[in-house]
Amino acid sequence: MTAGRRLASLWAVAVFASAATPAAAAAPAGLRPPGLKPEPSSAEAGMWGESDREEAHVRTSAELDQDPALTAYVRGVVCKIAAEYCGELRVYVLDRPFLNATTAPNGYVEVWSGLMLRAQTEDELAYVLGHEVSHFARNHSIERYRTLKTTSNVVLALQVGVTLGAVVAMSGAANSGTVNAGDTIDSISRAAQSMNDLIYLAGMARFYGFSRENETEADRLGYERAVAAGYSPSAGADLWTYVVAETNASEFPTVRKAEARGSVFNTHPITADRIAALSNLGGPPGGAPNLTARRSYRATIRSHLGPWLKDDLRRRDFGETLRLLDRLEEEGEDLGILEFYRGETHRLRRQDGDAAAALSAYRAATTHEDAPPAAWRELAEALRKQGDRPGAVQALQAYLVHAPNAPDRWLAEASLKSLTAPESP
Amino acid sequence: MSRQIRLTATVLTLMLLTSCASITSVPAGPLTLGEGHPATLDREWSDISTLTARTPQVRVLTIDGLALNRLYVAQGLKPGEGLTRPMAKDKPVPAYRKDMSPNEVIEFVSDSVAAQGYQRVETGELKPARLWGKDAVRIELTAKTETGLEVSGVAEAADIGGRLYLILYLAPSEHYFNTYLPSVEALFHSAA
Numbered sequence: 001m002t003a004g005r006r007l008a009s010l011w012a013v014a015v016f017a018s019a020a021t022p023a024a025a026a027a028p029a030g031l032r033p034p035g036l037k038p039e040p041s042s043a044e045a046g047m048w049g050e051s052d053r054e055e056a057h058v059r060t061s062a063e064l065d066q067d068p069a070l071t072a073y074v075r076g077v078v079c080k081i082a083a084e085y086c087g088e089l090r091v092y093v094l095d096r097p098f099l100n101a102t103t104a105p106n107g108y109v110e111v112w113s114g115l116m117l118r119a120q121t122e123d124e125l126a127y128v129l130g131h132e133v134s135h136f137a138r139n140h141s142i143e144r145y146r147t148l149k150t151t152s153n154v155v156l157a158l159q160v161g162v163t164l165g166a167v168v169a170m171s172g173a174a175n176s177g178t179v180n181a182g183d184t185i186d187s188i189s190r191a192a193q194s195m196n197d198l199i200y201l202a203g204m205a206r207f208y209g210f211s212r213e214n215e216t217e218a219d220r221l222g223y224e225r226a227v228a229a230g231y232s233p234s235a236g237a238d239l240w241t242y243v244v245a246e247t248n249a250s251e252f253p254t255v256r257k258a259e260a261r262g263s264v265f266n267t268h269p270i271t272a273d274r275i276a277a278l279s280n281l282g283g284p285p286g287g288a289p290n291l292t293a294r295r296s297y298r299a300t301i302r303s304h305l306g307p308w309l310k311d312d313l314r315r316r317d318f319g320e321t322l323r324l325l326d327r328l329e330e331e332g333e334d335l336g337i338l339e340f341y342r343g344e345t346h347r348l349r350r351q352d353g354d355a356a357a358a359l360s361a362y363r364a365a366t367t368h369e370d371a372p373p374a375a376w377r378e379l380a381e382a383l384r385k386q387g388d389r390p391g392a393v394q395a396l397q398a399y400l401v402h403a404p405n406a407p408d409r410w411l412a413e414a415s416l417k418s419l420t421a422p423e424s425p
Numbered sequence: 426m427s428r429q430i431r432l433t434a435t436v437l438t439l440m441l442l443t444s445c446a447s448i449t450s451v452p453a454g455p456l457t458l459g460e461g462h463p464a465t466l467d468r469e470w471s472d473i474s475t476l477t478a479r480t481p482q483v484r485v486l487t488i489d490g491l492a493l494n495r496l497y498v499a500q501g502l503k504p505g506e507g508l509t510r511p512m513a514k515d516k517p518v519p520a521y522r523k524d525m526s527p528n529e530v531i532e533f534v535s536d537s538v539a540a541q542g543y544q545r546v547e548t549g550e551l552k553p554a555r556l557w558g559k560d561a562v563r564i565e566l567t568a569k570t571e572t573g574l575e576v577s578g579v580a581e582a583a584d585i586g587g588r589l590y591l592i593l594y595l596a597p598s599e600h601y602f603n604t605y606l607p608s609v610e611a612l613f614h615s616a617a
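As given, the protein sequences belong to chains L and E, one line each in that order. Heads up, the final residue of the first sequence is numbered 425 in the working numbering, and it's a clean run with no missing numbers. Heads up, the final residue of the second sequence is numbered 617 in the working numbering, and it's a clean run with no missing numbers.
If you're looking for bench data, these hints aren't it; they were derived computationally from the structure. Glycine is no exception: its CB is placed at the ideal position from the N, C-alpha and C atoms. Any given hint might turn out to be false.
Stated by the list, open to error - Here are the simulated lysine-lysine pairs, DSS-like style, with alpha carbons at most 30 Å apart: (1) K257(L) / K569(E); (2) K523(E) / K385(L); (3) K37(L) / K80(L); (4) K514(E) / K257(L); (5) K514(E) / K552(E); (6) K417(L) / K523(E); (7) K310(L) / K514(E); (8) K516(E) / K310(L); (9) K503(E) / K516(E); (10) K523(E) / K310(L); (11) K417(L) / K385(L); (12) K37(L) / K503(E); (13) K417(L) / K503(E); (14) K516(E) / K569(E); (15) K552(E) / K417(L); (16) K559(E) / K417(L); (17) K569(E) / K514(E); (18) K503(E) / K514(E); (19) K80(L) / K552(E); (20) K559(E) / K503(E); (21) K385(L) / K559(E); (22) K516(E) / K385(L); (23) K385(L) / K310(L); (24) K503(E) / K385(L); (25) K385(L) / K569(E); (26) K569(E) / K503(E); (27) K523(E) / K559(E); (28) K552(E) / K503(E); (29) K503(E) / K523(E); (30) K516(E) / K257(L).
To be verified - Selected chain L positions facing chain E (Cβ under 8 Å, derived; list incomplete): (31) A62; (32) F252; (33) V255; (34) R316; (35) D354; (36) A356; (37) R377; (38) L411; (39) E413; (40) K417.
Between the sequences and the hints, there should be enough to build the whole structure, so can you do that?
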């Protein structure tokens, strides 16, 4: 990760995903007037420059979603909750499988696909965007920027020290002429990287400490913006309740202990506090689901479900993906796609019971019209592994019917030939 | 920010200069992979394996540097091993598994490329191939770097005795991929 991207990531994580604790509210900063431009000599001017560079980077990023309708939709939600800033907020949807969104002081808004996949309604998306716009409206970035500059300079100095130490150590190893010198260098390099990560994380933790009041205020103001625009008062608490459930389903103890993404620097139940604060404002989560709102939102993201779920699987946190699939299946829609990815999740996890669960999911997927052709191919492979050759043949034949021009057709035909050949005694 | 970038660049340069001893030449000629699997390089490459977080069975070769061309040579991955080692327990990398189907091997290659930081990894044409007399699959790939640069790739992979042998070549689509593709094809041919 380049220095610029690292800072950008720090900034991104620090904004929405920081899961701030509602605490004593800070004195509110002045409301930002629409069309604000910083004085060239001001601290914010430097931050705008960095934001401009990040925005230029995102415009050419391979992760930039290429669906203009989706971007227009998100922009529409932003304008509903922040009409006064509509003309200066520029929305970019990035295909990144994590729940996150950011708004930079120059009006550049990033929305990650992991958020759009996890929101169940436009209301939940609007709550998050309202939170982000509130940071923008309250000019929270100035305080963050000053903190960041101080902290990052210290962090950089420590990182340079560690790296130089590693360079000296690696040089010694390289000149030692031992058989394992290469592995030693690699180990030192990785150790230095780990140490630098620790220093970097410590820097982020420091950064968090300065932003929590702002986060709390953004939660409240975001809630007020979303509700004023007609969105559900319980949307924020609903979304955070789900985030806790998904995190608790993680494959990894470190993630489960963190309680919510982005909260790794905190040792107390910040998400629970946040849900409580939002519940005080808008009522408790878990009310009767608004099926119309859910179905409308699903229709908006439907064409992205498959690619986004494939991206999510690359995180290889299969417990979280299975919990996400449970949530996505609540409306009883898109079951061909969703059951296929449930099968994929179990197939990749390979724990006890996963083979049977994958088979069951693939079988269920193929009963729905929206199942991708690969569902039949994977069903065939799952049946073959179970020893059900006739079932595997039938599924493979169905695969070739559904995907007659598949690039792996020759593999399927070879497998069919093998499955229909007489079994050797 | 600019000062930070300059400092980082200086440190990286220092690291590269002092670690040159770990970059070795791999001359044109015979190359033995794993347990006696012969192949031939038709030109010189540089072995930069020790500068990467690869698993011990993987060699990483380049001609012009990692960003411009890279050749991964996996010399018999055992079940549970990937092209690279995971940096943390909660950040696993794709791993070769016992009894993978050919489609799972293709998926392993594609996911391993994505795990190197490439975006939009897509498999293209798939063809049967041979590696050391065993059935193999040839995989064509496209991807993008984080900054949007188009990248092409080609790989051949085979399960031989419960271990995965893989030769994977990646380079920017413009100029670099085709420039060295004949050398990679010659390597594939020598290992057929």
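> Which hints, by number, does the structure contradict?
Replying inline: 1, 5, 12, 19, 25, 35, 36, 39, 40
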